[in-house]
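Please put together the full structure from these sequences, using the hints given.
Chain order of the listed sequences is A and B. So in the working numbering, the last spot in the first sequence is 906, and the numbers never skip. So in the working numbering, the last spot in the second sequence is 1119, and the numbers never skip.
It is worth saying that the hints were derived from the structure and are not from the lab. Treat the hints with care, since some could be wrong.
Said to hold, decoys possible - A short, non-exhaustive set of chain A residues, derived as facing chain B with CB atoms under 7 Å:
1) E27
2) F57
3) I70
4) E73
Using N, Cα and C, we set each Cβ at its ideal position, and we do this for glycine too.
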Amino acid sequence: MRLPAGVRRLFRLRDIRPDVPGDVDEELRYHVERLVEELVDRGADRAEAEREARRRFGDMAAYRRALAHIDGETMSRRRRSATMDILWRNVAMAVRGIRRSPGFAFAVITILALGIGANAVMFEVVDRLLLSPPEHVVEAHDVRLLYLRRTYLGSGKLETGRTLTYPDYQDFEHVSGFSRVAAYADRRATFGRSEGAHEIRTMLASASLFPLLGVRPVMGRFFTPEETALGANLTAILSFEFWRRQFGADPGVLGSTIDVGPGTYTVIGVAPEGFTGPELSPVDVWLPLERSQEIWNGNIGWVDNRNWWWIHVVARLAPGVTPAAADAEATAAHRAARQDAIAGGDYSSDATIVAAPIIAGQGPDPSAESRVAGWLAAVSAIVLLIACFNVANLLLARAARAKREIAVRVALGVSRRRLLAELLTESLVLAILSAAAALLVARLGGQAVQKVLLPDVAFAGSGLGGRLLTFMGIVTIVTALLAGIVPALQASRSDVAAALKGGGAGSGRARSGARVTLLVAQATLSVILLVGAGLFVRSLDRARGLDLGFEADRVAVVRLEWNETLPTQERAALYQEAIDHVRRLPGVRAAGLTYTVPFQSSVSIGEPRVPGVDSLPLPPSGGPYVNKVSSGYFEAMGLRILQGRALEPSDDAEGAPPVAVVSASMARGIWPAGDALGSCMMLPDDSDEPPCTTVVGVVEDHRRQELVETEPHWLYYLNEHHPAFQGPPQGIMAGTRSDARRALRSLQAELASLSGQIRFVSARSLQDNVDPQLRSWKLGASMFTIFGLLALVVAGWGLYSVLAFEVASRRREMGIRAALGAGRGRTIRLVFRQALGLVSVGILLGLAASFAGARLVEPLLFRVSARDPAVYGAVAVALLAAAALAGSLPAWRATRVDPREALQAE
Amino acid sequence: MSPKQMSLLQGTLDVLVLQALAGAPRHGYGVAEWIRRTTDGALEIEDGALYTSLHRMERRGWLESSWGTSENNRRAKYYALTPKGERHLSDATQDWARYAEAVFKVLATRPPRRDGGRA
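Dropping the structure here:
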């Protein structure tokens, strides 16, 4: 049954803030009045009637309260359902709109999906490197990585590093500010024997590491202090991924034995999935620290040697202790233990221990990748901005086309606020659909970035984390607002009368200021991204093309892995035999034995004494660094001899006179007159009068450890059996005729069958030592380039669509012009002028912004100024070319306008 | 009335009120009048309970209310059935009919004789 019409109209008014208690009172009053009247009619007197009426009603006050309460609930329910209705209606409208123009929707969703996806990819990287502690660390904010900061005596430079000595680690155990300390070191080692043996990543860990981090094993247990001690039985813990990969997740793996490096270990436990210790690089097997170092080195010299730097230390703060207080205490302990050396001038007096957050990216020595990652996150945000501006432009264009329709709706009474809500809902629906597509982009892109550009970082496995989804949710909402707010505001404020009157020709004629601004903004941001791309690409290029001194890609580093019991003399003899075989291989030019490997290991045994020179003018890099090599080394490495000679087979023999070849910078420093040859060097040993080592040659400098070395380091090379140096060779450097990577197989095959004592032959190109240092520039170059090109394409396409729209809306004018005989050239020039004009403003702004922000990005580059004019110029040209391209199709279309057609339309 | 009878009456009262509104919208007093007339005064309802029933059914969406002018030219709150309310009324009517039929069936059977003689 319907209520009378008048009642219904009144009903609509009721939505405005009804007075619930007042209504209830009025309703009940009416009832009471009617009852009283009836009783009075029946003969009662007024006062009696009123009393009776109230009695019949019951407890008036209580009912009033109850009824008001019920009505309150009715109101809330109605409001809620009304809101849901509006929301649902808007969403349904948005979906209908999308289905009506699928091409438009596809374009928008693609652009936004790329923008949101790019941000998701970068978020995962930034989250892992800068925001999240390593997996399975309990109460991570109390776990600290210890850094040593000191001024190096030779260079006078303040350096911060994580590597410490074993005695240093033991000093920290007495620091009350730490409730626990642990030491660890990562190593690559051979797993298995003979066939199928391959390299794995191990981490040597002290027994305290696992309880310190609070991790629990998924099977078995972790090391006891007895098991890591010297002489203990060898035990190992597998990582979850290694257990799955190598053992097929066999639940019976505990108790089985594995061969790792020189030892055979019994598996006692499996670590939980994703656990990588206090750092982020993946680990395959965990080995007991002290015991493994003992068998790997064959000696325990490292136990009390304060010059043997090889471990990292992590500590957990005691409750209530601040990092600063712990720092102070640890520093005091460290200095106290080394006070003799400090007093004697052999160790820095300003050595400080810094207990930094376990998230290494937040510490005092973040990896280059971490720093680049932060920038890339900002870059991906810029890409999203561009995408949003682009979509905003598309929406504006669409709204301009639909001006009439909107005007009609407004005239018919649709409120502006409702229009705004509808348009924003449309943006939100598009954004949500884009986010769904973005998940796909994020998954694929993320895996590519992680595997190719950051292979040394363990990312949490598959699946979408809660943090990522939350982040994407926020980004989606922001995107919807950014892209939709300007078009929505513009559309809802449209001038109704003008739009209705203007018809097709008039509407959209006026240049939308908002669209132009958005375009210029896109161009500016694209310029910034492309400048970044150019700078990183140049850095990578420079770094790759650097002359390292040796030819890294033509040198193979070959190591023999022994059975642990093999005595030292036999190892040396086997290496001698091995190198003979290697030299006979057709692909090998020359080969030499070596003790250290560039970019991998270095040794310094203190300063030699040179008669006639009081003190050696050591360079900032310190040293000098020593290597022990056989003949053939320099030829294999491609190092040129500048004076004198290289080492010859006669120098290799036992009992040969001690000789040395010094690097050019060392020769210049010690013998500035150029008379290094024939001079004498006395290397420090236990005797008072060490024998004279004759300098027989000067070799060119090469980079010792890092690409970024600005000053050459002092290096000198001793012959094989030089008395100052004990220990068998550590590797063979084989100079190959072509790319070293191709020779690895034959090298391994040749040597594997040499002796039963050789467990494994590891061979790698020297370039593999250098490549990790290129990673940060590779990361920057690839991501900036991808993002920059994406931005350029999106912005270019945005420009195209605006120009196309302009041309389309100016058809009449152009038709008239053509009819009056104006040449085609004029129209073309008009279009291009517009395009180039817009883009030029964007280029200027973009270059200015890059120039201003240059100083911030300079530390990340390599030998490239952040204001490199070549890069700036190239970017400007690229953008102008893109603009010309974007304008070419509309310009061509403009010339094709048939004047008759144009004048007839509308 | 005892509490048990009150709650039973509430459910029954709802049905009576819905029926009262089935013909035309009424205000609360009008509903009370209609019930009294139709049952010839046999059912006496507490007014407070009646209004509670009306408001509750409005919350449940069976009734919709609005303010109008009454027959004596004063402002009163009118109630009318919603489609949902109509449906509930027809369901409840059927339930009541079945219920009453069952009860009558039971009451109509002869009780067994209670004298000492043989059956």
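query: Close enough to count: is the Cβ of E73 of chain A nearer than 7 Å to one in chain B?
result: Holds - the Cβ of E73 of chain A comes within 7 Å of chain B, reaching about 6 Å at its closest.
- prompt: How about I70 of chain A: closest beta carbon in chain B under 7 Å, or not?
  reply: Constraint on I70 of chain A satisfied, holds at 4 Å.
- prompt: Given E27 of chain A as an interface hint, is the shortest Cβ-Cβ distance to chain B below 7 Å?
  reply: Because about 5 Å separates E27 of chain A from the closest Cβ in chain B, which is inside the 7 Å limit, the hint holds.
message: Quick check on F57 of chain A please, does its C-beta sit within 7 Å of some C-beta on chain B?
response: holds, 4 Å
Hint violations for this structure: none, all hints satisfied.
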